[in-house]
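K.L.:
One-letter residues, chain by chain:
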Amino acid sequence: MLDAEFFRRWMTATAASVDREAERLTALDSPIGDADHGSNLQRGFKSVIAALEKEAPQTPGAVLTLSGRQLISTVGGASGPLYGTLLRRTGKALGDAAEVDEGQLAEALRAGVDAVMALGGAAPGDKTMIDALVPAVDALDDGFPAARSAAEQGALATTPLQARKGRASYLGERSVGHQDPGATSSALLIAALAEAAGE
Amino acid sequence: MLDAEFFRRWMTATAASVDREAERLTALDSPIGDADHGSNLQRGFKSVIAALEKEAPQTPGAVLTLSGRQLISTVGGASGPLYGTLLRRTGKALGDAAEVDEGQLAEALRAGVDAVMALGGAAPGDKTMIDALVPAVDALDDGFPAARSAAEQGALATTPLQARKGRASYLGERSVGHQDPGATSSALLIAALAEAAGE
Amino acid sequence: MKMLINVPETVVADALRGMAAAHPELTVDVENRVIVRRDAPVAGKVALISGGGSGHEPLHGGFVGPGMLSAACPGEVFTSPVPDQMARAAAAVNSGPGVLFIVKNYTGDVLNFDMAAELAEDEGIQVAKVLVNDDVAVTDSLYTAGRRGVGGTLFVEKIAGAAADEGQPLERVEAIGRQVNENSRSFGVALSACTTPAKGSPTFDLPPGELELGIGIHGEPGRERRAMMTSGEIAEFAVGAILDDMTPRNPVLVLVNGMGATPLLELYGFNAEVQRVLTQRGVAVARTLVGNYVTSLDMAGASVTLCQVDEELLRLWDAPVKTPGLRWGM
Amino acid sequence: MKMLINVPETVVADALRGMAAAHPELTVDVENRVIVRRDAPVAGKVALISGGGSGHEPLHGGFVGPGMLSAACPGEVFTSPVPDQMARAAAAVNSGPGVLFIVKNYTGDVLNFDMAAELAEDEGIQVAKVLVNDDVAVTDSLYTAGRRGVGGTLFVEKIAGAAADEGQPLERVEAIGRQVNENSRSFGVALSACTTPAKGSPTFDLPPGELELGIGIHGEPGRERRAMMTSGEIAEFAVGAILDDMTPRNPVLVLVNGMGATPLLELYGFNAEVQRVLTQRGVAVARTLVGNYVTSLDMAGASVTLCQVDEELLRLWDAPVKTPGLRWGM
Ligand SMILES: Nc1ncnc2c1ncn2[C@@H]1O[C@H](COP(=O)(O)OP(=O)(O)O)[C@@H](O)[C@H]1O
Ligand SMILES: Nc1ncnc2c1ncn2[C@@H]1O[C@H](COP(=O)(O)OP(=O)(O)O)[C@@H](O)[C@H]1O
Ligand SMILES: [Mg+2]
Ligand SMILES: [Mg+2]
Ligand SMILES: [Mg+2]
Ligand SMILES: [Mg+2]
Numbered sequence: 067m068l069d070a071e072f073f074r075r076w077m078t079a080t081a082a083s084v085d086r087e088a089e090r091l092t093a094l095d096s097p098i099g100d101a102d103h104g105s106n107l108q109r110g111f112k113s114v115i116a117a118l119e120k121e122a123p124q125t126p127g128a129v130l131t132l133s134g135r136q137l138i139s140t141v142g143g144a145s146g147p148l149y150g151t152l153l154r155r156t157g158k159a160l161g162d163a164a165e166v167d168e169g170q171l172a173e174a175l176r177a178g179v180d181a182v183m184a185l186g187g188a189a190p191g192d193k194t195m196i197d198a199l200v201p202a203v204d205a206l207d208d209g210f211p212a213a214r215s216a217a218e219q220g221a222l223a224t225t226p227l228q229a230r231k232g233r234a235s236y237l238g239e240r241s242v243g244h245q246d247p248g249a250t251s252s253a254l255l256i257a258a259l260a261e262a263a264g265e
Numbered sequence: 067m068l069d070a071e072f073f074r075r076w077m078t079a080t081a082a083s084v085d086r087e088a089e090r091l092t093a094l095d096s097p098i099g100d101a102d103h104g105s106n107l108q109r110g111f112k113s114v115i116a117a118l119e120k121e122a123p124q125t126p127g128a129v130l131t132l133s134g135r136q137l138i139s140t141v142g143g144a145s146g147p148l149y150g151t152l153l154r155r156t157g158k159a160l161g162d163a164a165e166v167d168e169g170q171l172a173e174a175l176r177a178g179v180d181a182v183m184a185l186g187g188a189a190p191g192d193k194t195m196i197d198a199l200v201p202a203v204d205a206l207d208d209g210f211p212a213a214r215s216a217a218e219q220g221a222l223a224t225t226p227l228q229a230r231k232g233r234a235s236y237l238g239e240r241s242v243g244h245q246d247p248g249a250t251s252s253a254l255l256i257a258a259l260a261e262a263a264g265e
Numbered sequence: 003m004k005m006l007i008n009v010p011e012t013v014v015a016d017a018l019r020g021m022a023a024a025h026p027e028l029t030v031d032v033e034n035r036v037i038v039r040r041d042a043p044v045a046g047k048v049a050l051i052s053g054g055g056s057g058h059e060p061l062h063g064g065f066v067g068p069g070m071l072s073a074a075c076p077g078e079v080f081t082s083p084v085p086d087q088m089a090r091a092a093a094a095v096n097s098g099p100g101v102l103f104i105v106k107n108y109t110g111d112v113l114n115f116d117m118a119a120e121l122a123e124d125e126g127i128q129v130a131k132v133l134v135n136d137d138v139a140v141t142d143s144l145y146t147a148g149r150r151g152v153g154g155t156l157f158v159e160k161i162a163g164a165a166a167d168e169g170q171p172l173e174r175v176e177a178i179g180r181q182v183n184e185n186s187r188s189f190g191v192a193l194s195a196c197t198t199p200a201k202g203s204p205t206f207d208l209p210p211g212e213l214e215l216g217i218g219i220h221g222e223p224g225r226e227r228r229a230m231m232t233s234g235e236i237a238e239f240a241v242g243a244i245l246d247d248m249t250p251r252n253p254v255l256v257l258v259n260g261m262g263a264t265p266l267l268e269l270y271g272f273n274a275e276v277q278r279v280l281t282q283r284g285v286a287v288a289r290t291l292v293g294n295y296v297t298s299l300d301m302a303g304a305s306v307t308l309c310q311v312d313e314e315l316l317r318l319w320d321a322p323v324k325t326p327g328l329r330w331g332m
Numbered sequence: 003m004k005m006l007i008n009v010p011e012t013v014v015a016d017a018l019r020g021m022a023a024a025h026p027e028l029t030v031d032v033e034n035r036v037i038v039r040r041d042a043p044v045a046g047k048v049a050l051i052s053g054g055g056s057g058h059e060p061l062h063g064g065f066v067g068p069g070m071l072s073a074a075c076p077g078e079v080f081t082s083p084v085p086d087q088m089a090r091a092a093a094a095v096n097s098g099p100g101v102l103f104i105v106k107n108y109t110g111d112v113l114n115f116d117m118a119a120e121l122a123e124d125e126g127i128q129v130a131k132v133l134v135n136d137d138v139a140v141t142d143s144l145y146t147a148g149r150r151g152v153g154g155t156l157f158v159e160k161i162a163g164a165a166a167d168e169g170q171p172l173e174r175v176e177a178i179g180r181q182v183n184e185n186s187r188s189f190g191v192a193l194s195a196c197t198t199p200a201k202g203s204p205t206f207d208l209p210p211g212e213l214e215l216g217i218g219i220h221g222e223p224g225r226e227r228r229a230m231m232t233s234g235e236i237a238e239f240a241v242g243a244i245l246d247d248m249t250p251r252n253p254v255l256v257l258v259n260g261m262g263a264t265p266l267l268e269l270y271g272f273n274a275e276v277q278r279v280l281t282q283r284g285v286a287v288a289r290t291l292v293g294n295y296v297t298s299l300d301m302a303g304a305s306v307t308l309c310q311v312d313e314e315l316l317r318l319w320d321a322p323v324k325t326p327g328l329r330w331g332m
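Residue numbers (this note's numbering), protein chains in the order written: chain A, 67 to 265; chain B, 67 to 265; chain C, 3 to 332; chain D, 3 to 332.
Keep in mind that the hints were calculated from the coordinates and are not lab data. This one's a predicted model, so the numbers in the text were calculated from it and none came from an experiment. Here a beta-carbon is modelled for each residue, glycine too, at the ideal position from N, C-alpha and C. Any given hint might turn out to be false.
What the hints assert, rightly or not - Once the Cα atoms are required to be at most 30 angstroms apart in a straight line, the calculated DSS-like pairs of lysine-lysine come out as:
| hint | chain 1 | residue 1 | chain 2 | residue 2 |
| --- | --- | --- | --- | --- |
| 1 | C | 4 | A | 112 |
| 2 | B | 120 | B | 158 |
| 3 | A | 120 | A | 158 |
| 4 | A | 112 | A | 158 |
| 5 | D | 4 | C | 4 |
| 6 | D | 131 | B | 158 |
| 7 | C | 131 | C | 4 |
| 8 | A | 158 | C | 131 |
| 9 | B | 112 | D | 4 |
| 10 | C | 324 | D | 131 |
| 11 | B | 112 | B | 158 |
| 12 | D | 131 | D | 324 |
Stated by the list, open to error - Chain D side only, calculated, beta carbon under 7 angstroms to chain B, not exhaustive:
| hint | residue |
| --- | --- |
| 13 | 81 |
| 14 | 109 |
| 15 | 113 |
| 16 | 143 |
| 17 | 205 |
| 18 | 319 |
Whenever a hint applies, use it, and build me the whole structure from the sequences.
P.N.:
What follows is the structure, given as structure tokens:
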């Protein structure tokens, strides 16, 4: 079973890997975006960690809704409302149980990803974070490591795509040949989930 | 004896060598000035040639006063009024004789150079055009080729000097080690005199 | 790339402190990142709020004041602001008749302003929205996020601001804002990329002798890269792209806008070419504005925006405005 | 370096054509290179004329209009104008009470304005002159051409322009102009060189990680090169250099001026640091202006100018002005 502590570890591991990879994320956001994705998420997850320490939420749902609200209030850009909605909706779907199992998490995450698709209007293949998140959720039944590889594969697979959402879509065909920064950070988020599970 | 035709040749030869050396003059004006000396003189002597063709002055004095007025009206910067005054005062000193000898020219040129020193306040050693003009006038008694070498020597000798007049003086000690653009163009002017004399 | 900054992290806060010092007629909340005209809320008048990433100055903070915006919400550099900023601004400027959000069409701006609208409406504030999407360089299709909002934003903010200043009701101010957007088209070119403080190096590589056609205002590359063109050729290309998309029946407002690092001397020269092309194409010009208004940090380049105006829009354009970045008539 | 131009030879003429198109309130004589306010000569009032090399825009042409200059004479890029321009301008704007030449202290400007004064006086026009030399980076000694005129020019033109607008006589307008100059001090830094159209490459090489301290406005290098400094350190250096030279007893006007390519975002952040240093040094600030006013083409960097003002000078600073580059109160 996964308790509030597990979800806190997930957020901490995400914050750490976003910190480590911030320059790379910003560099990916440079040829097909506006060179801010890494610093956006760094700022957001830093404030998530601070809020979790300060407010010490006691349930999995509360950890994620607080984290999501925090992202919405500090990131800005496209990724702020989208990642914020992802965590907030996932958290809401977890309700106020003190512990949840992996199946419940998979179901809640799917609700979160659906909310991101509804909000941003992106479908798989549009070269966005969705291309890492959807395969990850699909693979979650096979465990965290499977989800991690699926997300990584999904991120890598954005390279040959032409973007249809977000800033990269302005470039038309020139968006082809670059890996999507948001899909890349989504892979980090899912990898942190596996890390939190010690897998 | 030197007639109006000789002075026209002098101006034409100057215009041609300024054209050839414009980039170099501007480049010299770059580290210790504002990178315009070459284009300034190019514009000025182009209009001198046009005016000489149009107004066809008939005496040495008239050729030079017209040329000087033309420089004043088209060059701007420091070099416009200074070179304009040089030619205008030299022309005035030649009076309205139809022909002048080399001694008269030397005397008139000295009057012109004195006027430049009075106007700009520069003395020899201040790292200006004066450093080429004064030695040239001094050497003119020994003929045009001697004046040419004296002007060239004078221009080269500005390199180790610290500028005390004009823009280069703003740089203080950093003006040392660069050849003065105005002294360099003065050497061209004197070389053109020798060229006009066929020497 | 060298910048006149302390550290990248404090660039926006530092700028807001400096703005506060220079403009006592504005209330600058540095902590919460909201710039409000000092006399807000103005009784009985619709309030205009805009915002977006920083790095486009004077847009939007420089357009706060009588006759234009009531408040502006600056995000991080090139990053949309967060909903809390616009919600706070709405509370500060609403005097009853409601607030109009002026939103440049970027996914991030749209999402954050929409969330802010929900928050403000929860507080009982009436909110309307004008989306600005004037950039003809972007194909508006199912396969893009739609056209970007660029130079036309200035026209929307000024003209809707004048309508609000006259005391027109929210629906009317919104309708005028939408009309200005529909009448506006822009096209931009870059001669160099820009450098964001966070990245510290140019956002794209542009070899000597080439330019980017159809750029936005976030340091993103354009649609196409070409061998360098003259000012006249660029004017033909930009005005041509706009007129391919709109055939003005009325005279136009012309904005010849610098991207940040192109000297005014060049912008004026470029304007001469833009005017020449407009004359050749039979487009009448009502007013022309030349300068750095909707910028992209230190990018070299320029954009052209045309906005067709009938008599009412022209009257509203000419109406008095008193902001740090645009000022006339008072 | 890429530029938004046609050919280097026509840069100034092209800019003047573009200025004419954008500013119907000015009469722009493109051929003779004189910009005059449309309503000149204004009966009974002293007329102000300034000018200098192009490349410093909006200085001077952008400061022509009610409350400031009557005419401006732009030379080639970074090249003083020729006497014929100022003589022609004087004839166009003089209504009887005489004209004041505002001349930045450069050998070329001084010589050409002096020759113009002779020409104008030959036509019976009374001419007075204010020489601006506010740059503390230059040692004022027998061994230099004296201090350069830089940012202080804006203060002289605005304040003397207001005095002329009030109908004060020539000696008085001249005295006020001189007083403003005596009360003004500037210091500038460059983070990059600029590129003139004629040369086509940067006027000096500045390695990454270094800056030039004590630069002028003509792309010339400064007095000293140092390792890159933060905005706060630069503010301390620049304000320190000014206060070493002047101890203001009265409040000051502050101009935080961009050299051309430094974004407004950075200039405002720099202003925050300048204000901090002034507070620490006990200098009271009356007014602050932040923006690109006295530029050096596409140079990155900034300058600080302080001008001590008593009540009269402050009143004249606040007086209405209506020019393309500076506008308030009307
Ligand atoms: N409509 C959308 N739906 C889902 N994800 C999107 C959408 N638009 C953008 N994104 C994601 O957001 C990422 C960019 O985030 P970020 O750089 O932080 O914001 P911005 O584009 O506003 O600068 C993109 O790489 C993409 O994965
Ligand atoms: N006061 C002066 N007296 C004599 N020559 C001067 C003086 N000031 C400048 N010069 C000369 O003028 C040259 C610069 O001319 P130019 O570049 O055309 O004008 P500017 O300095 O106004 O840009 C200098 O190299 C110097 O030789
Ligand atoms: Mg981005
Ligand atoms: Mg020069
Ligand atoms: Mg962004
Ligand atoms: Mg010059």
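K.L.:
If a hint holds in the structure, say so; if it doesn't, say that too.
P.N.:
Okay, the hints, checked on the actual structure:
1. C:4 with A:112: Holds: residue 4 (chain C) and residue 112 (chain A) sit about 27 angstroms apart, inside 30 angstroms.
2. B:120 with B:158: Satisfied, since the Cα-Cα distance of roughly 20 angstroms is no more than 30 angstroms.
3. A:120 with A:158: holds, 20 angstroms
4. A:112 with A:158: holds, 22 angstroms
5. D:4 with C:4: Within the cut-off at roughly 20 angstroms; holds.
6. D:131 with B:158: holds, 29 angstroms
7. C:131 with C:4: violated, 38 angstroms
8. A:158 with C:131: holds, 29 angstroms
9. B:112 with D:4: holds, 27 angstroms
10. C:324 with D:131: violated, 34 angstroms
11. B:112 with B:158: holds, 22 angstroms
12. D:131 with D:324: holds, 23 angstroms
13. 81: Cβ of residue 81 (chain D) sits 4 angstroms from chain B, so the hint holds.
14. 109: OK, holds: residue 109 (chain D) within 7 angstroms of chain B, min 4 angstroms.
15. 113: It holds, given that the least Cβ distance between residue 113 (chain D) and chain B is near 4 angstroms, below 7 angstroms.
16. 143: This interface hint is violated because 9 angstroms lies over the 7 angstroms limit.
17. 205: holds, 5 angstroms
18. 319: violated, 29 angstroms
Hints 7, 10, 16 and 18 from the list above are not met by this structure, while the remaining hints are.
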